[in-house]
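Listed below, chain by chain, are the residues.
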Amino acid sequence: MAYVALADRGQILSHPHSFITKYIWSQDHKVIAIQYGITAISVGVVALVLSAMMRLQLGFPDTFSLIAPDEYYQFVTMHGMIMVIYLLTALFLGGFGNYLIPLMIGARDMVFPYLNMLSYWVYLLSVIILMASFFVVGGPTGAGWTLYPPQAILFGTPGAEWGILLMLISLAVFIVAFTMGGLNYVTTVLQARTRGMTLMRMPLSVWGIFTATVLGLLAFPALLVSAIMMTLDRLLGTSFFMPAIVSMGEQTNYGGGSPVLFQHLFWFFGHPEVYIVALPAFGIVSDLLSTHARKNIFGYRMMVWAIILIGGLSFIVWAHHMYVSGMNPYFGFFFATTTLIIAVPTAIKVYNWVLTLWRGNIHLRVPMLFAIGFIFTFVHGGLTGIFLGNVVVDLPLSDTYFVVAHFHMVMGVSPILVVFGAIYHWYPKITGRMFNETMGKFHFWLTFLGTYSIYLPMHYLGFLGVPRRYYAYEGIEFIPESALQLNSGITIAALFVAVVQILFFVNMIWSLFYGKKAEGNPWGATTLEWQTPQTPPIHGNWGDELPEVHRWAYDYSVPGEAIDFIPQNVPANDNPEAHRT
Amino acid sequence: MLVAVVFVLLVVGSIVFHFLSPWWFTPLASNWGTIDDTIIITFWVTGAVFVAVNLFMAYAVWRYRNHKSSEPAHYEPENKKLEIWLTALTAIGVAAMLAPGLYVWNDFVHVPEDAWEFEAVGEQWRWSFRLPGKDNKLGTSDASLVSETNHFGVNPNDPAGRDDLLVFSNIVHLPVDQPVKILLRSKDVLHDFAVAQFRVKMDLVPGLVSYLWLTPTVTGSYEILCEELCGLAHFTMRGRVVVDDQSDFDTWQDNQITFADSQLIGEGNPMVGQALYAVCSTCHGQAGEGNVQLNAPRLSGQQSWYIRRQLGNFKNGIRGIHKDDEYGKQMAPMAAILADETAIRNVTAYIDTLQLSETAQTIHGDAERGQNLYSTCGTCHGTRGQGNYATNSPRLNGQDDWYLKRQLNNFKRGIRGVHPDDLFGPQMASMSRMLRKEADINDVIAYINTLENEAPADQLAIATTEGNH
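Order-wise, the sequence lines are chains L and V.
Using the numbering used here, the first residue of the first sequence is number 1, and each one after it goes up by one.
Using the numbering used here, the first residue of the second sequence is number 1, and each one after it goes up by one.
Honestly, I wouldn't trust all of these hints.
Claimed, not checked - In silico DMTMM-like pairs for lysine to aspartate or glutamate, Cα to Cα no more than 25 Å straight-line: (1) V/LYS437 with L/GLU481; (2) V/LYS405 with L/GLU561; (3) V/LYS323 with L/GLU474; (4) V/LYS134 with V/ASP36; (5) V/LYS134 with V/ASP163; (6) V/LYS437 with L/GLU474; (7) V/LYS137 with V/GLU83; (8) V/LYS437 with L/ASP62; (9) V/LYS134 with V/ASP324; (10) V/LYS405 with L/GLU474; (11) V/LYS323 with V/ASP400; (12) V/LYS68 with L/GLU474; (13) V/LYS405 with V/GLU326; (14) V/LYS68 with L/GLU477; (15) V/LYS81 with L/GLU577; (16) V/LYS80 with V/ASP107; (17) V/LYS68 with V/GLU83; (18) V/LYS68 with L/GLU519; (19) V/LYS80 with L/GLU577; (20) V/LYS437 with V/ASP352; (21) V/LYS134 with V/ASP261; (22) V/LYS134 with V/ASP177; (23) V/LYS323 with L/GLU477; (24) V/LYS68 with L/GLU481.
As the list claims (entries may be wrong) - Covered stretches of chain L (in silico footprint by chain V; criterion: 3 or more residues with CB under 8 Å from a CB of chain V, positions within the stretch not fixed): (25) 135-145; (26) 295-302; (27) 334-343; (28) 384-390.
Hints were generated in silico from the structure; no laboratory data involved.
Bear in mind the structure is a predicted one, so any value in this text is a computation, not a measurement.
Beta carbons are placed, not taken as given, at the ideal position from N, Cα and C, and that holds for glycine.
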C-alpha cells in the first residue's frame, strides 16, 4: 500500500509566507490550476478574436481592409493551434487536472509540487513564444494548424521566415511543460490516493483526466520529434520531410525526405490529442450529470472501461485523417475498421449519460444545463465523425466544410460546454462565492443555440463541396450565391456567440466580489473535494487528518437513507441496498 | 421543461433543415454513385440514432425534472442485460455502415484494367497535364529536370516521353464513359485534386506519384479545385475538366504539343523582330519606354514570356475585348498584325534587347502601409517585384505606375481576368480584391515605386534577411 505512505506525508509541503510565494511562485496545486486556467482562457480569447476575423472575411468578403490572404491563413493557423493545444489541452489537464486530482483522491497536493510549479511557468513561456510570432518579420505561420511540410517551411506560405520556427519552438516548450505536469498527475493518481480510495472508487473526472494524461505522455513525443525534425529541415537544410522539389521555379537542395512521414507522426499525436481533450470532458460531464440528477452514474464500471478502451484505440486510428493523403490506399481498410469500432465504446458512454438522467431527480442548474447541452452536441458531432471515419464516405467530404463543422461540434463546442459547466460547478469551491444563476442560464442558452446555428448549416456547405481553408470563393460555378449568403449568416451567428461570452466573464468577475457566500457543498455532492474543512480549501487541503474513503463516488438517493447523497468519506453502514465497491 | 421543448424543436428543426436545404451534393458526373449510396445509408443509421437519443433525453429531462412532488431518483448502479443489448445493437449499426463502405473502397483501390492513364501536375498555384501520346505510355520525369523550357521535368533521354502530350493549360479534356486513372504529381508542396461532381479526390505529394480513378459519365465542364492548403494563393489554384464525347476529345488531343516538339521551339530572332517592332514603337516608343499620353505602357525590362503570353491573349480575343477595356481594345487589332507564334517570338526577342530606363512617379500613397499589403503580392511577383515565370507573375518594379493602377482596377472590376481561356488572369482578379479601396491600390503602388531594379534570387533568403513586413 505504497500510496497510503505517500498520502500521509503532509510535512513535505512548505507553507508559503509571502504574497509572491502564495500567489505567483506558488507550489499549491490549486493556485497553479488557476494560473493555468486564466492563462489558457486568455489565450483562448485571442483565438476567439482570430476566428471572428476569419468569419468576417468569409461572411463579408471585400469589406474589411485588415484581412489580406496572408493574414487570413495566419489567423486560421493560430486559431486552430491555440484552441487545441494552448487552450483545451492546457485547461483540461493543467487547469482541471491540477485542481481536481489531489482534492478528489484525497491528497494534500501533487506528489512533486515544485515540478508542478515549473510546469506552469514553462507553459507560460511557450505561450509567450507563440504570441511573439505575431510581432516578428513575416508574422506567424500560415501553414494551417497541421503544419504540413513542405509548404510550412517554404517561401509562398506566410510566416515561413520566423513564424514557423517560433511555432515549432513553442510546441517543443509546451511539450516539456506538459511532460512535467503529466508525470506529476499520473504519479499522484497512482501513488497518493488516500486510504480506501481504490481505483474503482475514483470519480470519473479523475479517470478521464488520468487516462488523457497517459495518452498525452505517449502521444506528445511524436509531435516533439516532428517539430525538431522540421526545425532542422528549415534551419540546417536536412531533408527529413523534404523530397526533391522545385520551389517557385527554383531548384532546392532538398531531396529524399517524405512529407507523408510527417503526417503519420503528426496524426499519431493528433488523433490521441482529440481524446486528450475529450476524455477529461467525458469524465467531468459524468460527474456533473450524476450530481445534479441526484442519481448514480449509470454503469460506472462500463464507463471506466470505455474510457480506457477509447484511450487505447485512439492510438490505432490516426491515419483516418490521411485517407486522401496519397498513402497506400490499402491502409484505408484497417483504419476505417478501427475508427468505426471506437464508435461502440463512445456510444456506450452516451447511452449511460442518458440513462443516468432516466428516473433521476433532475435539477436544471447552470452546470447541468451545460452538461445536457454537451450530450446533444456530442451526439451530433460523434455521428458526423462516422461519416468521415468510413473511408469511402470521406472521399467527397474530406477537406470541405463538413470536416470543419464536424470537428468544431465534437472538439470545439462539446468540450467548451463541459468547460463552462465545470467552471460553474466548481466555482463555489474555488472562490467561496456563488455565481449569478440567471446570467449563467442566459449564457448557456445563447451559447448553445448560437453554436448550433453556426455548425449545423456548415455541414451542408460541406455536402455541396465547398472547400475549407479558402480565402475567397468568388468564381466557383458549383457554389451558388445562396451558399455565400449562408456564409454571411454563419458569420453573424459566430459573432453573436463570441459577444455573448462577455456574460460569462462578467458573471465570473462580478460574483467573485458580490456573489453570495458559498457553503462547502452547495450541490450536495459526494466526492471528496466538497468535503474539505475550508472553502476554498487551504494549502494542504485537509485538516490534520486525511479523509478516509468508504464507498464509491456515486451514492446518490440510496434507498432507505435520510438524505439523497452520502459523501465518500462517510463510513459504510449495513444498508443492504447500497452498492458495494 | 424548456430544455425538453428546445431539444425536441432542435431535432425537428434539424430534420426540416435537412430536407429543405438547397445546399446538397452537386449532380453526380462519374461512376461513383456507390459513394452516394453509402452516404445515404450512413444518413439513415446516424439520423435514427440522433433522433432516438435526443428525443429520449428530452423525455427523460421533462419526465424526471425536479419539482415539488418529485420522487427521489432511482438507485440502479448497473444493468448488465441492458448494457449488453445496447452494445450489440450499436455494433450492428456500425457494421451496417462499415460493410458497404469497405466494399466500395475496395472498388476504389482496384483500378480497372482498361483505365486510360494520364498525369495531373500541381505546383504553386496552377494545374497542368501530361498525356501519354501515341505509345500510350508516359515517359519518366524528375523534379530536378524542371526548368523554364522543361515545365514538366520530362526525362529527355526516355524514348517513351518524346511523344507525351503536354497540356500547359489548366483545362484538361476527358472522353466520356472511359475509365481514367489520374496519376498525381506535385513539383513543390502538397496539393489535392478534387472535382465535386466526381466525388473522389486525392492529394498530390512531392516525391511520390499518387492516383485516383473514375469514369466520367456525363459530358460537361467541371471545376478542379485544389483542396489541400498549399500556401498563400491556395484558393486561386483552380482548373477545369471538360468531359467530351470521343470525337471532340480526339480533336482536342490532336491539338496538344508533344514533348519533343516543345523542345524545338526557338528563342525568336531579334533582328526580324526589330522590323516588326516599328509598328509598336509608334505608341510604345523607340526604346519601349511607353507613353502615358497614348496609354501605352513601358515594354522594356518586362519579361519576354509575359509579353509573349499577353500578345497571344490580345491576338486571340482573350484580352482587349471587354467593352470597358478602352485601351485594351486599341491593342487587340495591333496584336492581330503579328501573323503567328513565330512573329510574336521574334518581336518579343527584340523587346528583350531594349534597356530599362528611369520611370516617372505619378502615383503617391503611403508606401509603408503599401509594404504591408505587398507581402501578399510579393509571394508571386517576388519580394522585390522582379517577377517570376514559375508563378506566371510579371515584373512589377520599374513599370509605369499609372499602368499598374489601371490594370489593378481592371482586374478588380472584372474587366480583365474573366475570359474562360485566360489561364492566369483570374488568379490576379481574385487577388486584386484584397485591395478594397483606392487608397489601398495607391499605397501598394507607392511601395512598388520604391523597389529597386533587382535580379531574381532565392526568395526565402531575401525575405528572411530583409523582411517584407
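Violated hints, by number in ascending order, as checked against the structure = 2, 4, 7, 9, 12, 14, 16, 17, 20, 24
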